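Which chain is which? The protein sequence lines are A and B, in order. No gaps in the numbering here: position 45 of the first sequence is 45 in the numbering used here, and each next residue is one more. No gaps in the numbering here: position 105 of the second sequence is 105 in the numbering used here, and each next residue is one more.
Take the hints with a grain of salt, since some may be wrong.
To be verified - Here are the simulated distance ranges between beta carbons: (1) LEU41/A x THR20/B: 21 to 31 Å; (2) THR71/B x PHE20/A: 15 to 25 Å; (3) LYS3/A x THR20/B: 17 to 27 Å.
To be verified - Derived lysine to aspartate or glutamate pairs resembling DMTMM-like cross-links, with alpha carbons at most 25 Å apart: (4) LYS49/B x GLU30/A; (5) LYS49/B x GLU79/A; (6) LYS101/A x GLU8/B; (7) LYS101/A x GLU76/B; (8) LYS101/A x ASP84/B; (9) LYS106/B x GLU56/A.
Rather than coming from a laboratory, the hints here were simulated on the basis of the structure. Note that this is a predicted model, so its numbers are computed, not measured. Each residue gets a CB set at the ideal place from its N, CA and C atoms; glycine is no exception.
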Amino acid sequence: DVKVTQSSRYLVKRTGEKVFLECVQDMDHENMFWYRQDPGLGLRLIYFSYDVKMKEKGDIPEGYSVSREKKERFSLILESASTNQTSMYLCASSLSRGREKLFFGSGTQLSVL
Amino acid sequence: GDSVTQMEGPVTLSEEAFLTINCTYTATGYPSLFWYVQYPGEGLQLLLKATKADDKGSNKGFEATYRKETTSFHLEKGSVQVSDSAVYFCALSHSGGGADGLTFGKGTHLIIQP
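Extracted from the complex, chain A is given alone in its bound form (with noise of 0.2 Å):
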């Protein structure tokens, strides 16, 4: 069966620290998504990649960045987090361009005090 997996259910972190958010798929998908939900916002596109190394701006860059090493793993990174980034963060994937099926991750809820 199809899974994503996302490394945490819960986070709790301090203001400035630096918060790795992982994800891993095992359907050899070549793209892996990251979004965050709030109430009020549904959810919205932090970044993308369609493959390997590769990575696309979503509509809320912003306090983030990504890396994708290896085609199965897509990590979430908040280089100083702040407040405003308490939320939950959705990961992604589906299987290539043009396939629009995304398979979700259960969720990670970040609370930055």
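Starting from the structure of chain A, add chain B where the hints point.
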């Protein structure tokens, strides 16, 4: 830019009631349209999709028809169950948009009471 507007909840219904969740979109060209569902504590999963005008997507008793003339993709179900309680997201993607992600609405929280 592209956008999706859907009714905000929570929407509360009794079991076996008829459900409609409205969704309209703004986009250039001919996007594909989707409904995703998020059950409590889980990620989103695809519920149904339609890729061209007048297409009807259906799954698990849910249906939605791609209406180009009204730029709408309303979700319907004839008789809801308690297990349908979840957050529902309408989304769009342009063809070839698999690598560019989807544009989502804000989500509609549906609560079904026994």
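Compare the distance between the alpha carbons of LYS101/A and GLU8/B with 25 Å, and conclude whether the hinted pair is satisfied. 24 Å, holds
query: Is the Cα-Cα distance between LYS101/A and ASP84/B 25 Å or less?
result: Answer holds: LYS101/A to ASP84/B is near 21 Å, not above 25 Å.
Practice problem: Could you grab the alpha-carbon distance between LYS49/B and GLU79/A and see if it respects the 25 Å cut-off? | Solution: 37 Å, violated
Problem set entry | Outcome for the supplied range 15 to 25 Å, where the beta carbon pair is THR71/B and PHE20/A | 40 Å, violated
Exercise. Are LYS101/A and GLU76/B close enough, with their CA atoms no more than 25 Å apart?
Worked result: 21 Å, holds
Satisfaction of the hinted span 21 to 31 Å by the C-beta atoms belonging to LEU41/A and THR20/B: This hint holds: roughly 23 Å between Cβ atoms.
- Item | Proposed proximity, GLU56/A with LYS106/B (alpha carbon, max 25 Å) | 23 Å, holds
Exercise for review: Go ahead and decide if the range 17 to 27 Å is satisfied by the Cβ distance of LYS3/A to THR20/B.
Suggested key: Violated, at about 33 Å.
Quick one, are LYS49/B and GLU30/A close enough, alpha carbons at most 25 Å? OK: LYS49/B and GLU30/A at ~21 Å, within 25 Å.
When each numbered hint is compared with the structure, violations occur for hints 2, 3 and 5.
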